[in-house]
Amino acid sequence: MISIFPSLLNGAVITLKLLASSMFFGLLIGLLFAILRINKNPIINKFAYGYSYFFRGTPLLVQLYLIYYGLANIEFLRNSFLWVIIREPYWCAIIAFSLNTGAYTSEILRSAFQTIKEGYIEAAQSLGVTKKITFFKIQIPIAIKQSLPAYGNEIILMLKGTSLASVITIMDLMGEARKVNVLTFKPFEAFITAGIIYLFLTFIIHNIVKYLEKKYGFQT
Amino acid sequence: MELLSFGDTGWGDELFFATLMTIAVSIAAMVIGFVFALIFTPLKLSKNKTLNIIGNCYTTIIRGVPELLVIYLLFFGGTGAAMYVASIFGYDGYIEINAFITGALAIGIISGAYSTEVFRGAILSIDKGQFEASKVLGLKKNIQFYKVILPQMLRLSIPNLSNVWQITLKDTSLISVTGLVEIMRQSYIAAGSTRDPLFFYSVAAVLYLILTFLSMKIINKLEVRYNKGF
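Taken in order, these protein sequences are the chains called G and U. Just so we're aligned: 158 in my numbering is position 158 of the first sequence, and the numbers increase by one with no gaps anywhere. Just so we're aligned: 135 in my numbering is position 135 of the second sequence, and the numbers increase by one with no gaps anywhere.
Chain G extracted, bound-state conformation:
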C-alpha cells in the first residue's frame, strides 16, 4: 500500500492542475454566458440557453469524446494552428471540462443575478451611478457572494469529473489507480487508496469554501 502512494500522489497533482485550469476558464465562460442569459435580446438569450442546455443535458464523457476524437475529424481544424492544442489529450480535457463547468456556473450566476434585490440597483441609480459601474461594482460582487455555496458544490462535482480524463490516456489520480490495478491485480488497494485521496481533496475544498462563505458570505 505504501509503495503505490507516491505514484498516486503524482496523479493527484495532475488532477489538481486539471481542476484549477478548468475552474478558471469555466468561471470566465460562466460569467460571460450568465451575462448573455440576462440580456434582453431574444437571439443572444436563446443562444446562451442552448449552450447551457446542451452541456447540462449530455454526459461529460460524450463532450470529452466529441472534443478529443470528434474535432480531430475535421480537416479544416487539423490544418490550422489549433491542431497543436486539440491533438493533446491534456488540453482537450481542459476544454471539455471548462465548457461543462461553464454551463453549470452560468446557471448558478444567472440565478444569483436574478435574486439581487431591486432596491440595490435603484439605490445606485438614484445616487447617479452609471449602469456600467452598477454592474461591475454592485451586481457582480453580490452575485458572486450569493452563489458561493452552490459554486462550492460545483467545484467538488468537477473534482469528480476530472477523473474522466483517465479514459483519454491522461495519468491523473484515476489513471494512476488504473495503472496500479493493471500492474498488481490488486483492485481494492489501488481504488480504495485513490478514493481516500479523493475524499481528502473533497474535504479540503469543502472547508475552504465554508471558510470563504463565513468571511465573505452575504447576509440578507
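Everything labelled a hint here was simulated from the structure, so no lab data went into it. Where hints are given, some of them may not hold.
What the hints assert, rightly or not - Listed below are the simulated DSS-like cross-link pairs for lysine-lysine, each with C-alpha atoms no more than 30 angstroms apart in a straight line:
1. K217(U) with K40(G)
2. K137(G) with K214(G)
3. K214(G) with K49(U)
4. K210(G) with K44(U)
5. K210(G) with K47(U)
6. K49(U) with K210(G)
7. K221(U) with K46(G)
8. K44(U) with K214(G)
Stated by the list, open to error - One-sided and incomplete, this derived list gives chain U residues near chain G with beta-carbon spacing under 8 angstroms:
9. I61
10. G77
11. S173
12. L174
13. M184
14. A191
15. P197
16. L198
17. S202
18. Y208
19. L209
20. T212
Stated by the list, open to error - Just a sample of chain G residues kept apart from chain U, beta carbon distances all over 10 angstroms, derived:
21. A12
22. K17
23. L32
24. I35
25. I38
26. K46
27. P89
28. L99
29. K117
30. Q139
31. I170
32. N207
33. K210
Every residue, glycine too, gets a C-beta built ideally from N, C-alpha and C.
Keeping the supplied structure of chain G fixed, place chain U upon it in accordance with the hints.
Okay, now just chain U, sitting in the frame of chain G:
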C-alpha cells in the same frame, strides 16, 4: 444519414437498442438507489449515534469520490471477490460478472446516496404538526409512516428526484468503460469502425438530449398530478 439506416448497412438499429439499454440501466439503477435510500434515510434521521454515523458515512463517501471509481471498484473488485468465494468452494476458473448487474449496482449505489439526501430533506420539511396529529389520533408507528409521512415525503421529493434521475441517466454513460453496450459504448464501436467519431458522438449527444428532454416532460406531468389540491 445512410450511416443511421436500420439493418445490416447502418447503425440505426444498434443505436436504438443501445438507447433502450441506457434506459434499462438507468431505471434499474434508480430502483436500486431507492432501496439504498430507504435503508439509509432512517439511519441518517435516527437519534442513535452509531446508526447516524453509518448513514452519514455512506452519503459522504459516495458523494465525495468519483463515480468512475465506484464502477471500477465493483467491476474489478467484484470479479476478484466472486472468484475468491468460488475458490473456497473449489472452483478455480475465471468468473465474469454480468456487466449490466455491476453497472446498475454501481450507479444504483451512487444514485442511492443522492436519493437519501432528497428523502431526508423531504421528511425534515414535513410540518411537525403532521407527526403530532397522527400521534394524537393514536395511529401505530408503521401506519403513521405509511399513511401520513410517506405520501407527503414522496410528493415533496419529486422535484429533487428529477435531478437525481438526470444525474443517474448521465452517469450510465460511464458504464461504457466496462463494456456494456449502451449509447456511449455503441457510438464508440460505430465511430471506430466507420472512422467518423464526430458524427457518432454527436448522435450520442442528441440521443442523451432527447432522453433528458422527454424525462423532464414526464416528470413535470407527475409533479402537476401529485400537487393537485395544494
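Which of the numbered hints above does this structure break? No numbers; nothing is violated.
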